[in-house]
Amino acid sequence: MRSATLFATLVTTLSIAAVLVMPMVEAAPLKLQFQQTWGGPNSEIANGIAIGTDGNIYLAGQTNSFGAGGFDAFLLKFTPSDTLLWQHSWGTASDEQGVAVATSIDGSVYLAAQTFAIGVTGADLVKFTPDGNLVWQTQLDGSAQAFVSSVAVTPDGASVYVAGTTLHAILLKFSSSGTLTWQKTWGGRFDEGASGVAVAADGSVYMTGGTSSFTRNEAFLNKFSPDGTLVWQRGYGLAPSTLVGANALAIAQDGSIYITGDSQVQGTAQEIFLAKFAPDGTLVSQENWAETRLGSAGLGVAVSPDGSVWVTGNTGIGAGGGDSILLHFSAAGRILNANTWGGTDNDSGNQMVVGADGRAYTAGQTMSTPPYSFLRAPTKTVNPGGTVAILTGVVGDFTGTVSNLSGVVGNPNGSLTFAGGTDAVLLKV
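Letter by letter, the sequence shown follows residues 1 to 429 of the numbering used here.
Any given hint could be a false lead.
With a cut-off of at most 25 angstroms between alpha-carbon atoms, the simulated SDA-like pairs for lysine to any residue come out as follows [what the hints assert, rightly or not]:
1. Lys184 x Pro155
2. Lys31 x Pro41
3. Lys173 x Ala158
4. Lys127 x Gly203
5. Lys31 x Asp82
6. Lys223 x Asp191
7. Lys223 x Pro80
8. Lys184 x Gly281
9. Lys31 x Thr268
10. Lys276 x Asp357
11. Lys428 x Thr417
12. Lys276 x Ala27
13. Lys173 x Thr215
14. Lys428 x Pro80
15. Lys223 x Glu291
16. Lys31 x Gly307
17. Lys184 x Thr242
Bear in mind the hints are in silico, worked out from the structure with no lab data behind them.
All chains should be built: construct the whole structure from the sequences, respecting the hints.
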């Protein structure tokens, strides 16, 4: 997972679906365009990925092979043909973790990161130029004990949203110059964790994650206006004994919202779910994918220009250990392809993005030495019969303070061949 996702009440059922098995749709097999590892002798994990206006790919994550502290964030820039243009570490004397990355229409790159020090955790936002030069860096006060999970930029590039977690979900809005515009909390009686944020073409902001404050452990999807007003809030889940949590979301060109995550009925293997919502909060479609003997988790989702949807995560099947999973769905929710990637040890896909040409890129990690296998996986999905509830979570004004950081940008010399420990991974299909 990119970050820890924690698992009122007026419950209004908006959609109930019968359990149906979706038949396989024949599609051309996926072809792996390239696979690239990056790292040093210790541990590197790619948690976030974004594409710039020029088509280049940015990879963000964590390293303890390079940098100023025990762990630092890293930011890499690749061409679409797999050439590494530059590599940077960023951090302080404490430990940092690069969690997510987003790009702006002007080419700016925003790194969302986490600082860990004794007794405190700071949520960081760092801005870079397309050339990798540091523009500014800011941190939400570590005493707030905030964990960051996702970052998104408005279509005009004027604002940046950061989602994360304290005891409840938090949503922060910054200007492109690093000024904190507003900060909100959302939640109920117990715990909430925000795992994803995205901005629609009309400026609406969507936040997803997991909650246990209402009648069940469920995923939530909330819609906010640009001024921080809550427009609607929805809970998506199954029976009260089923654990459901969303780990990522993406928005299609038609305004549809997709969330992915995992669900688990007591005594069964964890499954990947993909749920599609309309801009008014109506549940449009839902599918679960799983290899029934072993658990799987959906960690990243992206939408192609043609409206098809990609999901990545991890699964117990594949070449060995746990493998990265890549699922491709039509806009109607029918699965087109399923593939695993990995070696004989543990591997995972953590986030993904799709370019203007429809090519999909996955950020992840591997503990496996080469060779790696790209294998076809089962393409059976099930409509789980999930229901949607109108939640009654409360929006509050968060009181965190922000301050300038003094993180240092380094120039690591990461290897593009497997270097040992855990390496970051970039895949293209």
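Against the structure, the hints:
no., hint, result
1, Lys184 x Pro155, "holds, 21 angstroms"
2, Lys31 x Pro41, "violated, 30 angstroms"
3, Lys173 x Ala158, "holds, 10 angstroms"
4, Lys127 x Gly203, "holds, 21 angstroms"
5, Lys31 x Asp82, "holds, 16 angstroms"
6, Lys223 x Asp191, "holds, 19 angstroms"
7, Lys223 x Pro80, "violated, 33 angstroms"
8, Lys184 x Gly281, "holds, 20 angstroms"
9, Lys31 x Thr268, "violated, 32 angstroms"
10, Lys276 x Asp357, "holds, 23 angstroms"
11, Lys428 x Thr417, "holds, 17 angstroms"
12, Lys276 x Ala27, "holds, 21 angstroms"
13, Lys173 x Thr215, "violated, 30 angstroms"
14, Lys428 x Pro80, "holds, 9 angstroms"
15, Lys223 x Glu291, "violated, 33 angstroms"
16, Lys31 x Gly307, "holds, 19 angstroms"
17, Lys184 x Thr242, "violated, 29 angstroms"
Checked against the numbered hints above, the structure violates hints 2, 7, 9, 13, 15, 17; every other hint is satisfied.
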